[in-house]
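Number of protein chains: 2
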Amino acid sequence: MEGEQLPEASSQADERSRLVVVKHEPFNAETPPEALAAARTPTPSFFVRSNSAEPELSLATHRVTVEGAVEHPFTLKVAELARGPLRSLPVTLECAGNGRTSMTPLPEGEPWQQGALGTAVWSGVPLAEVLQRARLKPGALEVLVEGADGDASKRFARALPLAKALHPDTLLALEMNGAPLTRAHGAPMRLLVPGWYGMASVKWVTRLEVRTQPFEGYYQRERYIYDRGDGQAIEPVTRMQVKSLITSPAEGTRVAPGRVVVQGMAWSGERRVVRVEVAVDGGDHWRAATLLETPRPSAWVRWAFTWEGAKAGRHTLRARATDEAGETQPERAPWNRLGYGNNAVPVRVVEVG
Amino acid sequence: MEGEQLPEASSQADERSRLVVVKHEPFNAETPPEALAAARTPTPSFFVRSNSAEPELSLATHRVTVEGAVEHPFTLKVAELARGPLRSLPVTLECAGNGRTSMTPLPEGEPWQQGALGTAVWSGVPLAEVLQRARLKPGALEVLVEGADGDASKRFARALPLAKALHPDTLLALEMNGAPLTRAHGAPMRLLVPGWYGMASVKWVTRLEVRTQPFEGYYQRERYIYDRGDGQAIEPVTRMQVKSLITSPAEGTRVAPGRVVVQGMAWSGERRVVRVEVAVDGGDHWRAATLLETPRPSAWVRWAFTWEGAKAGRHTLRARATDEAGETQPERAPWNRLGYGNNAVPVRVVEVG
Numbered sequence: 026m027e028g029e030q031l032p033e034a035s036s037q038a039d040e041r042s043r044l045v046v047v048k049h050e051p052f053n054a055e056t057p058p059e060a061l062a063a064a065r066t067p068t069p070s071f072f073v074r075s076n077s078a079e080p081e082l083s084l085a086t087h088r089v090t091v092e093g094a095v096e097h098p099f100t101l102k103v104a105e106l107a108r109g110p111l112r113s114l115p116v117t118l119e120c121a122g123n124g125r126t127s128m129t130p131l132p133e134g135e136p137w138q139q140g141a142l143g144t145a146v147w148s149g150v151p152l153a154e155v156l157q158r159a160r161l162k163p164g165a166l167e168v169l170v171e172g173a174d175g176d177a178s179k180r181f182a183r184a185l186p187l188a189k190a191l192h193p194d195t196l197l198a199l200e201m202n203g204a205p206l207t208r209a210h211g212a213p214m215r216l217l218v219p220g221w222y223g224m225a226s227v228k229w230v231t232r233l234e235v236r237t238q239p240f241e242g243y244y245q246r247e248r249y250i251y252d253r254g255d256g257q258a259i260e261p262v263t264r265m266q267v268k269s270l271i272t273s274p275a276e277g278t279r280v281a282p283g284r285v286v287v288q289g290m291a292w293s294g295e296r297r298v299v300r301v302e303v304a305v306d307g308g309d310h311w312r313a314a315t316l317l318e319t320p321r322p323s324a325w326v327r328w329a330f331t332w333e334g335a336k337a338g339r340h341t342l343r344a345r346a347t348d349e350a351g352e353t354q355p356e357r358a359p360w361n362r363l364g365y366g367n368n369a370v371p372v373r374v375v376e377v378g
Numbered sequence: 026m027e028g029e030q031l032p033e034a035s036s037q038a039d040e041r042s043r044l045v046v047v048k049h050e051p052f053n054a055e056t057p058p059e060a061l062a063a064a065r066t067p068t069p070s071f072f073v074r075s076n077s078a079e080p081e082l083s084l085a086t087h088r089v090t091v092e093g094a095v096e097h098p099f100t101l102k103v104a105e106l107a108r109g110p111l112r113s114l115p116v117t118l119e120c121a122g123n124g125r126t127s128m129t130p131l132p133e134g135e136p137w138q139q140g141a142l143g144t145a146v147w148s149g150v151p152l153a154e155v156l157q158r159a160r161l162k163p164g165a166l167e168v169l170v171e172g173a174d175g176d177a178s179k180r181f182a183r184a185l186p187l188a189k190a191l192h193p194d195t196l197l198a199l200e201m202n203g204a205p206l207t208r209a210h211g212a213p214m215r216l217l218v219p220g221w222y223g224m225a226s227v228k229w230v231t232r233l234e235v236r237t238q239p240f241e242g243y244y245q246r247e248r249y250i251y252d253r254g255d256g257q258a259i260e261p262v263t264r265m266q267v268k269s270l271i272t273s274p275a276e277g278t279r280v281a282p283g284r285v286v287v288q289g290m291a292w293s294g295e296r297r298v299v300r301v302e303v304a305v306d307g308g309d310h311w312r313a314a315t316l317l318e319t320p321r322p323s324a325w326v327r328w329a330f331t332w333e334g335a336k337a338g339r340h341t342l343r344a345r346a347t348d349e350a351g352e353t354q355p356e357r358a359p360w361n362r363l364g365y366g367n368n369a370v371p372v373r374v375v376e377v378g
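Protein chains in written order, with this note's numbering: chain A, 26 to 378; chain B, 26 to 378.
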């Protein structure tokens with residue numbers, strides 16, 4: 026067991042060296058900007074968001090309890106699940122707090138800029154298959170997924186509505202980018218909820234409980250909620266909102282006058298992005314960018330825009346994405362007390378000349 | 026005359042090399058961040074905002090017409106005025122568009138970040154003295170000050186209400202930081218309107234006209250107005266609003282854990298700043314900073330705050346100033362179509378460790 030942990034710990038140290046640290050304990054770090062320019066984010070550069078210290082669990086021995094409103098509660102051996110077959114999907118994960126530092130007034134919480142974001146190919150077994158083995162009882166409402174992180178009073182645990190839990194793309198993931206999960210990313214097994222902000226993708230899964238009553242835990246009711254602070258009803262944070270990112274020209278770079286290729290990413294939770302537009306300088310003059318691949322749900326799409334006739338001096342670039350439901354990124358996202366879901370149009374200041 | 030212009034042109038080239046260029050023609054450039062950390066901004070680092078090409082006027086021969094609703098219209102020889110005595114004042118000048126790139130939606134206009142700002146000691150003759158020589162007629166309402174820049178159809182010209190024009194601190198300035206004005210800063214003579222945004226301090230003054238009817242020129246009625254775009258009345262841009270700047274730690278720097286000294290500037294147009302507060306990380310926990318000098322109107326005051334126990338990782342710092350009238354910087358300034366007067370609380374992301 027010692028021997029099995031060693032390579033993992035080593036790859037983890039390597040991983041951390043490429044991240045932009047936000048907090049050391051618990052470890053929270055962003056994907057560096059250059060890694061966000063690639064279609065797939067390499068694991069050593071993939072952001073890490075943890076609410077507590079990272080548990081150390083062994084793939085060989087770790088077991089997950091499956092219980093609650095099921096006919097056949099059982100204990101799942103993760104090592105058996107890891108033998109496959111595994112289903113693989115490219116999925117974009119974004120922390121709900123990504124972009125918090127651009128919200129005004131500045132909310133409390135981890136000071137994420139724009140790097141709590143990444144896209145990997147995830148491989149795992151549909152959660153639905155495991156639930157089917159346990160056979161749901163009538164009245165099943167949601168599936169509580171509990172991690173091994175946090176102490177007993179504040180375990181990281183999240184309940185997923187039954188329909189989303191049974192979606193074939195909702196995985197108990199064992200691999201990321203073709204290799205076993207690293208400890209920081211939830212080894213040996215995490216939930217992966219495509220299209221939802223990262224908090225739903227519980228790491229270090231240790232217990233599944235099918236519930237007939239809504240779960241009221243801390244990370245369900247006190248955090249990951251939109252509290253507008255204006256007396257409006259509080260809503261849970263779920264689906265990633267439509268958003269885009271400008272990856273090139275990079276922040277603070279100088280580009281030659283004339284033709285400048287602007288590039289970036291766009292995504293919208295469970296929906297397909299259908300349009301990305303770019304505006305050069307301020308005002309309301311938006312022009313269509315080109316999508317560089319066929320958009321699919323739950324993963325970002327790359328886009329490019331050719332800016333002709335860039336003149337020497339300082340300019341601003343903005344990008345905005347629209348999804349198949351017709352939702353467009355706002356220039357300013359609605360403020361909320363905990364600073365979630367900031368999907369505002371990105372503004373990039375560029376020096377030409 | 027050739028000989029007289031040469032040194033000026035040469036010092037100007039030197040000046041431009043230290044500025045952060047926003048536009049080459051007409052020349053617009055920001056004060057570099059490091060220069061904003063000094064109580065007085067060196068002339069070669071002092072921001073330049075011009076709406077048209079810079080006129081080339083000779084101190085030896087330039088004359089200013091004084092006319093309109095006056096008993097004794099006359100022609101002012103600038104060289105005579107320059108012989109003194111001159112009145113000297115430290116005055117902070119901020120472009121009305123400073124901070125425009127942080128407004129959302131991003132307005133059109135020069136993409137100023139936070140460097141269209143500087144403080145110099147200005148020396149000149151009170152405008153009131155010149156007006157007294159001409160003797161105002163009854164019914165005088167405002168004083169139109171015209172620059173030599175812009176073509177005949179769109180000359181840069183601004184009218185100042187009589188009370189402000191007659192204020193003893195409103196100067197026809199001939200020197201900046203103890204030396205004759207440079208061409209970029211309005212040589213040989215500019216208006217200096219302490220406490221008002223920079224557009225009021227007309228450069229390259231060529232004509233003064235005492236008016237009995239409101240001036241309706243382009244730079245008075247079409248620009249430098251607050252147009253909220255919501256049907257509210259359009260208001261002229263006048264007084265600089267209460268604002269602060271964090272100068273240290275500088276953007277993108279890493280500081281050692283423990284005790285971190287946070288420093289900056291604060292100003293509020295014609296009013297004194299009475300309080301600066303700092304918040305570490307998000308939320309609403311503001312603590313008093315120390316003002317490092319006795320606040321005076323029209324010039325910024327330096328402040329410092331000691332942040333104890335800074336832990337490794339990323340943190341955010343905010344500063345907010347309050348003036349003697351009780352006005353406090355907002356976390357977000359009201360949007361307006363042309364992007365003026367952004368006095369929002371500054372947010373500085375700092376890496377500790």
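Note that these hints are calculated values from the structure, not bench results. Just to be clear, a hint being listed does not mean it is correct.
Identical chains blur together in the list; that is why a pair holds if it fits in one copy or across any two.
Computed list of lysine to any residue pairs in SDA-like fashion (alpha-carbon distance at most 25 Å, straight line) [as the list claims (entries may be wrong)]:
| id | residue 1 | residue 2 |
| --- | --- | --- |
| 1 | K336 | A153 |
| 2 | K48 | E376 |
| 3 | K189 | G164 |
| 4 | K48 | T331 |
| 5 | K48 | A335 |
| 6 | K48 | E276 |
| 7 | K102 | E318 |
| 8 | K336 | V45 |
| 9 | K48 | W311 |
| 10 | K336 | R248 |
| 11 | K48 | V374 |
| 12 | K189 | R297 |
| 13 | K162 | A358 |
| 14 | K336 | H49 |
| 15 | K336 | L166 |
Verification of the hints:
{"no.": "1", "hint": "K336 - A153", "verdict": "neither (55 Å within a copy, 43 Å between copies)"}
{"no.": "2", "hint": "K48 - E376", "verdict": "between (31 Å within a copy, 10 Å between copies)"}
{"no.": "3", "hint": "K189 - G164", "verdict": "within (16 Å within a copy, 76 Å between copies)"}
{"no.": "4", "hint": "K48 - T331", "verdict": "between (38 Å within a copy, 21 Å between copies)"}
{"no.": "5", "hint": "K48 - A335", "verdict": "between (39 Å within a copy, 12 Å between copies)"}
{"no.": "6", "hint": "K48 - E276", "verdict": "both (23 Å within a copy, 19 Å between copies)"}
{"no.": "7", "hint": "K102 - E318", "verdict": "neither (38 Å within a copy, 69 Å between copies)"}
{"no.": "8", "hint": "K336 - V45", "verdict": "between (33 Å within a copy, 16 Å between copies)"}
{"no.": "9", "hint": "K48 - W311", "verdict": "between (38 Å within a copy, 22 Å between copies)"}
{"no.": "10", "hint": "K336 - R248", "verdict": "between (46 Å within a copy, 24 Å between copies)"}
{"no.": "11", "hint": "K48 - V374", "verdict": "between (27 Å within a copy, 13 Å between copies)"}
{"no.": "12", "hint": "K189 - R297", "verdict": "within (17 Å within a copy, 58 Å between copies)"}
{"no.": "13", "hint": "K162 - A358", "verdict": "neither (41 Å within a copy, 55 Å between copies)"}
{"no.": "14", "hint": "K336 - H49", "verdict": "between (43 Å within a copy, 9 Å between copies)"}
{"no.": "15", "hint": "K336 - L166", "verdict": "neither (58 Å within a copy, 43 Å between copies)"}
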